[in-house]
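Chemist: For the sequence shown, the numbering used here gives the first residue as 25, with consecutive numbering after it.
In short, the hints are calculated from the structure, not lab data. Values in this document were obtained by computation on a predicted structure and should not be read as measured data. Don't take every hint at face value.
As the list claims (entries may be wrong) - Here are the simulated EDC-like pairs of lysine to aspartate or glutamate, each with C-alpha atoms no more than 16 Å apart in a straight line:
#1 Lys70 - Glu84
#2 Lys146 - Glu281
#3 Lys29 - Asp83
#4 Lys283 - Glu269
#5 Lys101 - Asp26
#6 Lys41 - Glu97
#7 Lys72 - Asp61
#8 Lys138 - Glu269
#9 Lys72 - Glu269
#10 Lys72 - Asp83
#11 Lys161 - Asp178
#12 Lys161 - Asp199
#13 Lys162 - Glu189
#14 Lys47 - Asp186
#15 Lys47 - Glu97
#16 Lys101 - Glu39
#17 Lys307 - Glu97
#18 Lys162 - Glu129
#19 Lys283 - Glu142
#20 Lys47 - Asp61
#21 Lys36 - Asp260
#22 Lys29 - Glu84
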Amino acid sequence: MDVIKISDPLYKELEVKSRLCTKVHSIFNSACNLSSDLGLISVVCKNKRMNPRAMMINDETWFQSLLPNQIIEVGFKQDTHLQHGLHLLLPPQSVTLFSPYLSSEVAFPNQINKMVYEYLNKYQKEMGIYSILGQSKKLPISSSVSYYSPMLLDYFLPRMDDFIEALKIQSSSIDLTNFLGFGSGLTPSSDDLLVGLLSVLDSLRHPYFSILSSACLNSLDKTTDVSRAMLFSACDQQYSQEIVELYSAISNSGDIEGKIINLLKIGHTSGHDTLCGIFIGLKLFR
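Whenever a hint applies, use it, and build me the whole structure from the sequences.
Modeler: Right, dumping it as structure tokens:
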């Protein structure tokens, strides 16, 4: 199966390694994750969006025959040493590269905080982290939706308060051990929030980025495989297509609201949780 698009950093790593033996980690309708020596790699169909560790193919039916732990070899199309079996082949002359990096330091428009907040408030969800932020009272956030689990709310609310206080003073000893990994799904809500926050710090070239990213890296064992890969990429200044396109629209006076809506479409609450992190970053560091 030919790869039609691949993230730029992953392509560069494969150029060095030439061939890669991977194993099917998880399977979805038109996507899958592969475990490898290079970490978790996503394979998506052409109707999906890219992430920092993704390859795109043109055939949605390819995923239907996959089995957990199945071996898939990844390599360049001209490589004659590939073994028999399932392959993902990179045609060097025609494969498109996706850049997961923010292109430049971003100058945010004056109304950006208000715009982000309005979308957060309009699309709030009971399983998302926004309602916990509304309960926290540490930020000017009002939520009309109650978090779906009062028990989990009671557990996490003090941790959210401590987290926001640490951000306000830009604590150099911020500890995410009891913060990271909170929430349900492949990428827990607190992790999505951290990705959004890191993206703002990165876009501002703020020195606190290195402190927060170090704290994230120190606690990656607290979360899921998929979220671990996502956070690791964010700490390396690499983000999903939706985040990259949002910052590009902000920098180039593009359709900011349209890109916010695209971000909100990620997962059940992931996009909304990420936007919460962006709002916190804009509020406390801009």
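Chemist: Look at each hint and say if it fits the structure.
Modeler: Comparing the hints with the structure gives:
1. Among the hinted pairs, Lys70 with Glu84 is consistent with the structure: their alpha-carbon atoms are about 8 Å apart, no more than 16 Å.
2. At roughly 13 Å between alpha-carbon atoms, Lys146 and Glu281 fall within 16 Å of each other, so this suggested pair holds.
3. The straight-line distance between the Cα atoms of Lys29 and Asp83 is roughly 13 Å, inside the 16 Å bound, and the hint therefore holds.
4. In summary, the hint linking Lys283 to Glu269 is supported, as the alpha carbons are separated by about 7 Å, within the 16 Å threshold.
5. At roughly 8 Å between alpha-carbon atoms, Lys101 and Asp26 fall within 16 Å of each other, so this suggested pair holds.
6. Between Lys41 and Glu97 the CA atoms are separated by roughly 12 Å; this keeps the pair inside 16 Å, and the hint holds.
7. Of the pairs offered as hints, the one joining Lys72 and Asp61 is violated, with about 24 Å between alpha carbons and a cut-off of 16 Å exceeded.
8. With a C-alpha separation of about 19 Å, the suggested pairing of Lys138 with Glu269 is violated against the 16 Å cut-off.
9. Of the supplied pair hints, the one linking Lys72 and Glu269 holds, its CA atoms being roughly 14 Å apart against a limit of 16 Å.
10. Of the supplied pair hints, the one linking Lys72 and Asp83 holds, its CA atoms being roughly 12 Å apart against a limit of 16 Å.
11. Of the supplied pair hints, the one linking Lys161 and Asp178 holds, its CA atoms being roughly 14 Å apart against a limit of 16 Å.
12. At most 16 Å may separate the alpha-carbon atoms for a hinted pair to count; Lys161 and Asp199 exceed this at roughly 21 Å.
13. Among the hinted pairs, Lys162 with Glu189 is consistent with the structure: their alpha-carbon atoms are about 8 Å apart, no more than 16 Å.
14. Note on Lys47 and Asp186: the hinted pairing is violated, with a Cα-Cα distance of about 39 Å set against a maximum of 16 Å.
15. Proximity of Lys47 to Glu97 is assessed by CA-CA distance (about 8 Å); at most 16 Å being required, the pair is judged to hold.
16. Distance check on the hinted pair: Lys101 and Glu39 sit about 12 Å apart at the alpha-carbon level, within 16 Å; holds.
17. Pair hint Lys307 plus Glu97 does not hold up; C-alpha atoms about 45 Å apart against a cutoff of 16 Å.
18. Between Lys162 and Glu129 the alpha-carbon distance is near 28 Å, which puts this suggested pair outside the 16 Å criterion.
19. At roughly 14 Å between alpha-carbon atoms, Lys283 and Glu142 fall within 16 Å of each other, so this suggested pair holds.
20. Between Lys47 and Asp61, the direct Cα distance comes to roughly 10 Å. Compliance with the 16 Å bound is thereby established for this hinted pair.
21. For the proposed pair Lys36 and Asp260, the alpha carbon gap of about 15 Å is at most 16 Å, so the pair holds.
22. In summary, the hint linking Lys29 to Glu84 is supported, as the alpha carbons are separated by about 14 Å, within the 16 Å threshold.
Checked against the numbered hints listed earlier, the structure breaks hints 7, 8, 12, 14, 17, 18; every other hint is satisfied.
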